[in-house]
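Residue-level listing of the chains:
2 protein chains.
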Amino acid sequence: MNPYSDDKIVDSWEKNASQWSAAVRGGHIESRKLITNKAIVEAVLSRSPQSVLDIGCGEGWLIRELSLRVPHLVGVDVVPDLIEKAESAGGGDFLVASYEDIAGGAVEGSFDVVVCNFSLLGKDSVEALFKALPAMLKTDGVLIVQTPHPVVASDQPYIDGWREGSWAGFGSDFIDPAPWYFRTLESWVALFAGNGFRLLEMREPIHPKTHKPASVIFTGANKAVHATSA
Amino acid sequence: MNPYSDDKIVDSWEKNASQWSAAVRGGHIESRKLITNKAIVEAVLSRSPQSVLDIGCGEGWLIRELSLRVPHLVGVDVVPDLIEKAESAGGGDFLVASYEDIAGGAVEGSFDVVVCNFSLLGKDSVEALFKALPAMLKTDGVLIVQTPHPVVASDQPYIDGWREGSWAGFGSDFIDPAPWYFRTLESWVALFAGNGFRLLEMREPIHPKTHKPASVIFTGANKAVHATSA
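Heads up: the sequence lines are chains H and A, in that order. All residue numbers for the first sequence refer to this note's numbering, where the first residue is 2 and numbers rise by one. All residue numbers for the second sequence refer to this note's numbering, where the first residue is 2 and numbers rise by one.
Worth flagging that the hints you see were computed from the coordinates, not collected in a lab. Fair warning: there could be bad hints in the mix.
Covered stretches of chain H, going by a simulated chain A footprint (3 or more residues, C-beta under 8 Å) [unchecked claim]: (1) 144-155; (2) 182-195; (3) 202-213.
The beta carbon of each residue, even a glycine, is placed where N, CA and C say it ideally should be.
Please take these sequences and the hints and turn them into a complete structure.
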């Protein structure tokens, strides 16, 4: 298997499903606990959605977090072990599907918000998913993506490309880290604009210790909305 | 005079008009010479404009650079000495006007591109200008803004606010540096979106020495365009 590929990402996450679930549920990931979890919840709730699709939902914490406020919640992940854990904990409906499956129509219905929280890690799979997303949103729906802040996260030359994964800071039971495809801010904005999204917001949650952005959260609206409302 | 104010910016630039003109015309500013001049010219020409308004044009280099490719060029600056130098060198029409004047209708006509190249340095003046800009663009016109990359430029906490100016790296004949109002990327995007612009692009020209973004160039379209074309 190509060590820098969308397939390898899935392979690695399958090997770390239990460790990951324990880390998320135990609040072991400092940046998430301090800032990025709250930031994505606020971004989603700022839209007052009646329906949310969480793509790459993992063990389902975000669905559970939203469950008191949002009536219709669906979580999707490619890793069966993670979806099994999410289903056990409840809060919404869950489904095993790859990004290619989703792009091919695996998720029924349309949503007020589609959210991808640190889950767009690949290259081709992400690009295929973006093409399919506008059709999965209601007319006034939005796509919300949280990802590491490219300018802060990169200690390599600032260009798109595969990066080696790392479990630095995680427990010794984490193995075979997933590679990830780095995109500059320019490329993220192009991914939204090129697929017909109007970028409404780009939040930069600030890490309380470093005083730098801990992440970036893009909110993009269906182009159609603004054709209608303008 | 408040040392951190829009007025102080104008005051400082008036004192440095000759020094600045000499530095620009002599190619003394490395980042401009290596990367950001070319980047803004390319961003403007990528729109194949028939008319360009350069707001904060200084001594007029960008108008001159565009003059072989763009038939209708207008440059505006608040500093009379700079406009005098721009007029002497030619390439387009030039006008002395403050951002408040421009917001109040000082520039006639509408343009394919309005460009602000490292010229949006203030707070209230910039916000007032943004409100007025959509009406100064043709229906399918765009606003192009180049500014220091906030994430790279800031060694202070990443929050909006006034910053002390500096002429470090410039000659000893530069005096009394202008303060500037720092905006995060989040705030820049909000300035575009909040004034009805659809962000089409966010270019990040890479500095060939540091391999980090030397600047950021936003291109925003009139909302109306997409209402019509969608």
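_Name the hints, by number, that the structure is in violation of._
Every hint satisfied by this model.
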